[in-house]
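Top line first, the protein sequences correspond to chains A and B.
Counting the first sequence from 1 gives a position; the working numbering is that position plus 1135.
Counting the second sequence from 1 gives a position; the working numbering is that position plus 184.
Keep in mind that the hints were calculated from the coordinates and are not lab data.
It is possible that some hints are incorrect.
Said to hold, decoys possible - FRET-style restraints, in silico, Cβ to Cβ:
1. B:P320 x A:K1234: 45 to 53 angstroms
2. A:K1225 x B:R344: 13 to 21 angstroms
3. A:S1229 x B:V292: 28 to 36 angstroms
4. B:G314 x A:W1190: 36 to 44 angstroms
5. B:V292 x A:K1234: 17 to 25 angstroms
Said to hold, decoys possible - Cβ-to-Cβ under 10 angstroms is the rule here; a few derived chain A residues that face chain B:
6. V1141
7. L1151
8. F1152
9. E1173
10. N1177
11. D1194
12. Q1196
13. F1199
14. M1205
15. Q1219
16. D1228
Stated by the list, open to error - Only pairs whose alpha carbons sit at most 35 angstroms apart, straight line, appear in this in silico DSBU-like list of lysine-lysine:
17. B:K311 x A:K1234
18. B:K346 x A:K1234
19. A:K1225 x B:K274
20. B:K346 x A:K1225
Quick caveat: nothing in here was measured; it's all calculated off a predicted structure.
Where is the CB? At the ideal position from N, CA and C, for every residue including glycine.
Chain by chain, the residues run as shown.
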Amino acid sequence: MNTIPVEAGLMLAGILFVLGTISVLVRRNIIFMLISVEIMLNAAGLAFIVAGSRWVQPDGQVMFIFILTMAAAEVSVGLALILQIYHQLKTLDSDAANKMKG
Amino acid sequence: MQVTFYIASTIAVLATIMVITRYNMIHALLYLVVSFLAIAIVFFALGAPFIAALEIIVYAGAIVVLIIFAIMMLNLRAESVEEERQWLTKDVFIGPAILCLVLLGEVVYIIATSETADTAQRMVDAKAVGMSLYGPYVIGVELSGILLMAGIVGAYHLGRQKKKVIHRFLEKIEE
């Protein structure tokens, strides 16, 4: 029976994480930035699952459940912030929120 | 299982590339669902069927639907796609993409040169996860509960529309 090498799983996680990072850096739309953060969190969870599969222990899956919980809480608060910014500034441009001129 | 893993990971990478290059938000979210489904298949191939189900239910189900509802509440028009097209040009991509790909190259080099074994093809079922979750990790479960509570309170507080408060004396004058 042919098995999946650990390298392949970790490289998939790395590629997905880098794609999410590029999108966070490139985008100006706040909703797209939130989506990219979701991609990055998912990739981090994938690395945990690969490690858990390597050692046949449930700890990797437990960590993924914690990441899942954190992602759900993060997206709800993030969307509330986005709605608030949109009501105040009437745009989704993240560069528009520079009232403090930082 | 190996062929399934490689096909699913290829689909996941391609769908994620489509997500980060779309101008229309809904199209990007639909590709994101495809990416999450492919990653769920990867989880199944790695022997984590419980997590594969959670990935579909929570990520592809709950989180994506939540983002779609938020987009519907914003009531965006067709101009937003044009705006996105102006923001996301090719030369914006070049700098960050090169830097991130250099980092990815380093990670791939480190993983490829280190000695790693194959993944064991045995399933870790939901029972083992549950026993671990409510055994050694029970403090983490309680902290997750606190985190979710803070998330609910924070989302309610931030999402509330402030009502304009008018003093009762002023109210009579306005009439």
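> Per the CB criterion, is Q1196 of chain A less than 10 angstroms away from chain B?
Replying inline: Because about 5 angstroms separates Q1196 of chain A from the closest Cβ in chain B, which is inside the 10 angstroms limit, the hint holds.
> When you take the CB atoms of P320 of chain B and K1234 of chain A, is the distance between them in 45 to 53 angstroms?
Replying inline: Check passed, 47 angstroms falls within 45 to 53 angstroms.
>> Run the distance test for K311 of chain B versus K1234 of chain A: straight-line Cα separation, threshold 35 angstroms.
In response: Distance ~52 angstroms between K311 of chain B and K1234 of chain A Cα, so the pair is violated.
>> Hint D1228 of chain A vs chain B: min CB-CB distance below 10 angstroms?
In response: holds (8 angstroms)
> Any CB of chain B closer than 10 angstroms to the CB of Q1219 of chain A?
Replying inline: With Cβ-Cβ at 5 angstroms, under 10 angstroms, it holds.
>> Interface hint check: D1194 of chain A, Cβ to nearest Cβ on chain B, cutoff 10 angstroms. Holds or violated?
In response: Holds: closest Cβ of chain B sits about 6 angstroms from D1194 of chain A, inside 10 angstroms.
> Holds or violated: is the Cβ of F1199 of chain A closer than 10 angstroms to a Cβ in chain B?
Replying inline: holds (5 angstroms)
> Range hint 17 to 25 angstroms: satisfied by the CB atoms of V292 of chain B and K1234 of chain A?
Replying inline: violated (42 angstroms)
> Hint check: is the beta carbon of V1141 of chain A less than 10 angstroms from a beta carbon of chain B?
Replying inline: For V1141 of chain A, the interface hint holds, since the closest Cβ of chain B sits about 4 angstroms away, which is under 10 angstroms.
>> Checking hints one by one. Is L1151 of chain A an interface residue toward chain B, by the C-beta closer than 10 angstroms rule?
In response: holds (6 angstroms)
> Taking 28 to 36 angstroms as the hint, is the beta-carbon distance of S1229 of chain A and V292 of chain B inside that range?
Replying inline: holds (31 angstroms)
> When you check the alpha-carbon spacing of K346 of chain B and K1234 of chain A, does it fall within 35 angstroms?
Replying inline: Between K346 of chain B and K1234 of chain A the Cα gap is close to 21 angstroms, so the pair holds against 35 angstroms.
Of the numbered hints listed earlier, those contradicted by the structure are 4, 5 and 17.
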